[in-house]
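Chains as they are written, first to last, in the numbering used here: chain B, 3 to 150; chain L, 205 to 544.
The hints are simulated quantities; they were obtained by calculation from the structure and are not laboratory data. Check the hints yourself; a few may be wrong.
[As the list claims (entries may be wrong)] Here are the simulated lysine-lysine pairs, BS3-like style, with alpha carbons at most 30 Å apart:
{"#": "1", "chain 1": "L", "residue 1": "K544", "chain 2": "L", "residue 2": "K323"}
{"#": "2", "chain 1": "B", "residue 1": "K33", "chain 2": "L", "residue 2": "K515"}
{"#": "3", "chain 1": "L", "residue 1": "K515", "chain 2": "B", "residue 2": "K17"}
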Amino acid sequence: MKPEVPKTLQLLGTKLLFEIAPRLADDYGQKTASIIGGLLFTAAEEWDRAASRRFVENRELRALFADAVPLVRSAGLRTRLASAAEETDEDLRVSALEQSNATLRSLLIDLHAHVETLQSEEALRMDERIWDELRASVERRAISFWPL
Amino acid sequence: MQELADRFARYVSHRRPQAESVQVDSIARIHGGASRETYRLRLRYHERKREVERRLILRRDPPSSLIETDRSHEFRAYQAFHGTAVPVPEPLWLEEDPQWLERPFFVMEEVQGCDASLKGLSEGPASAHREQIGREKWRILGLIARTDPRRLGEIPDEVSPERCWERELSHWERVIETDSLGPEPVVQATLRRLRRNPPPPAQRIAVVHGDYRSGNFLYDTSGQIRAILDWEMWHAGDPLEDLAWSLNLLWSWPDRERVGRLLPREEAIAVWERSSGLRAAPEALLWWELFTCVKSLAIWISSAREYADAKSTDPMLALVGWIIHGMQERITLELLGRSK
Numbered sequence: 003m004k005p006e007v008p009k010t011l012q013l014l015g016t017k018l019l020f021e022i023a024p025r026l027a028d029d030y031g032q033k034t035a036s037i038i039g040g041l042l043f044t045a046a047e048e049w050d051r052a053a054s055r056r057f058v059e060n061r062e063l064r065a066l067f068a069d070a071v072p073l074v075r076s077a078g079l080r081t082r083l084a085s086a087a088e089e090t091d092e093d094l095r096v097s098a099l100e101q102s103n104a105t106l107r108s109l110l111i112d113l114h115a116h117v118e119t120l121q122s123e124e125a126l127r128m129d130e131r132i133w134d135e136l137r138a139s140v141e142r143r144a145i146s147f148w149p150l
Numbered sequence: 205m206q207e208l209a210d211r212f213a214r215y216v217s218h219r220r221p222q223a224e225s226v227q228v229d230s231i232a233r234i235h236g237g238a239s240r241e242t243y244r245l246r247l248r249y250h251e252r253k254r255e256v257e258r259r260l261i262l263r264r265d266p267p268s269s270l271i272e273t274d275r276s277h278e279f280r281a282y283q284a285f286h287g288t289a290v291p292v293p294e295p296l297w298l299e300e301d302p303q304w305l306e307r308p309f310f311v312m313e314e315v316q317g318c319d320a321s322l323k324g325l326s327e328g329p330a331s332a333h334r335e336q337i338g339r340e341k342w343r344i345l346g347l348i349a350r351t352d353p354r355r356l357g358e359i360p361d362e363v364s365p366e367r368c369w370e371r372e373l374s375h376w377e378r379v380i381e382t383d384s385l386g387p388e389p390v391v392q393a394t395l396r397r398l399r400r401n402p403p404p405p406a407q408r409i410a411v412v413h414g415d416y417r418s419g420n421f422l423y424d425t426s427g428q429i430r431a432i433l434d435w436e437m438w439h440a441g442d443p444l445e446d447l448a449w450s451l452n453l454l455w456s457w458p459d460r461e462r463v464g465r466l467l468p469r470e471e472a473i474a475v476w477e478r479s480s481g482l483r484a485a486p487e488a489l490l491w492w493e494l495f496t497c498v499k500s501l502a503i504w505i506s507s508a509r510e511y512a513d514a515k516s517t518d519p520m521l522a523l524v525g526w527i528i529h530g531m532q533e534r535i536t537l538e539l540l541g542r543s544k
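Just chain B, same shape as in the assembly:
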């Protein structure tokens, strides 16, 4: 699509924020239109990275699960982790990546809760690594620019 989608969304946002919103008669309409304009900027940023951040996060989570398998005491959880660690993302549509991301993040919650019950040095190191991943996951989703 030309012009590129992010550029188009940014220009639409600019139009709404700086030309249309100020001309609206009432305060409620102005503020609502401004928020929609701001959200178009956010959508532009997310459009560009949507597949990448999910793909990277899924890869990181699978690597973490592979390393976690030996220290997990629960056989059921071990099997789920080992199975997830072997998967790859073949379908690169954002909806498909999001679906596998949700499955992996759900498994991360189970792993984290389990690791918190363990006392070994390896478990403590894994706990730290999970927190590193959680911090990275928040950073991946952060919006760099909000125009309002």
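Here the structure of chain B is known, so what remains is to put chain L in place on it, guided by the hints.
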């Protein structure tokens, strides 16, 4: 909007049969407040050969609400505090019958010449008085922390100082469970930590406002706080809950120097301690600050759910789901000592 004005005029005629020539004009919706639709309006009528003009605030239930509370619950707080040292607008009418405005609503006197915005605290005429506003804000919160919930009709026996934390945490945990659009590993880790390390018993059970923050009170250009608003989440509980909520960095983002864009954190806490007669022990306060993160994230998660399910088309709900949720997660990681 004119139809709403006309319908409200008919309602006033019903409530005040002695009023003649009832007119409603200058009606405008106020932005913000996803829990109820808020309108400002002017009411005029003749009564006993006298012309009366009143500026009012109308709070109507939306078709769908983020925070599922009974409007009579909020109205009761205004009734209890009106005329006390905790300033609130005068509550006038509570109407549960949907025949008048399609949905239940209540009406208050407008406190005029004030601002509630965060922006006004850091720029504009009131910003010169922001420290005064800050001291007043936490002093009033201390007064709320001295208020016996029975004054508002709550039965304090239902919540004990030892278990009040659990009631609140379980409530918001259920909201997260019901409304999440996807897994929330940061929230879940925080919930586990809070349950593993409960806070000490509340020093007293008192009224908890539930959403005490910059943005939810009216201030004027001379630095006076004229009204505390948005009581829809009030309940009986540990006063530290309100203090922690008021200190959330989200309300001052990106300013880390002044909580609520008003005061240095330590000063805000000291003012509250003097006014409430309670102590904010660091460990207990940290528990409630982490609880604040969970509650706040639960509200943002519900916002995203409301929008995704098209129960509300207010773009503010998409904004909080996309952006504010992530900011609150960053604050959570900081409080947990997990940020770098």
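Do the hints match the structure? See the list:
no. : hint            : verdict
1   : L:K544 x L:K323 : holds, 29 Å
2   : B:K33 x L:K515  : holds, 20 Å
3   : L:K515 x B:K17  : holds, 28 Å
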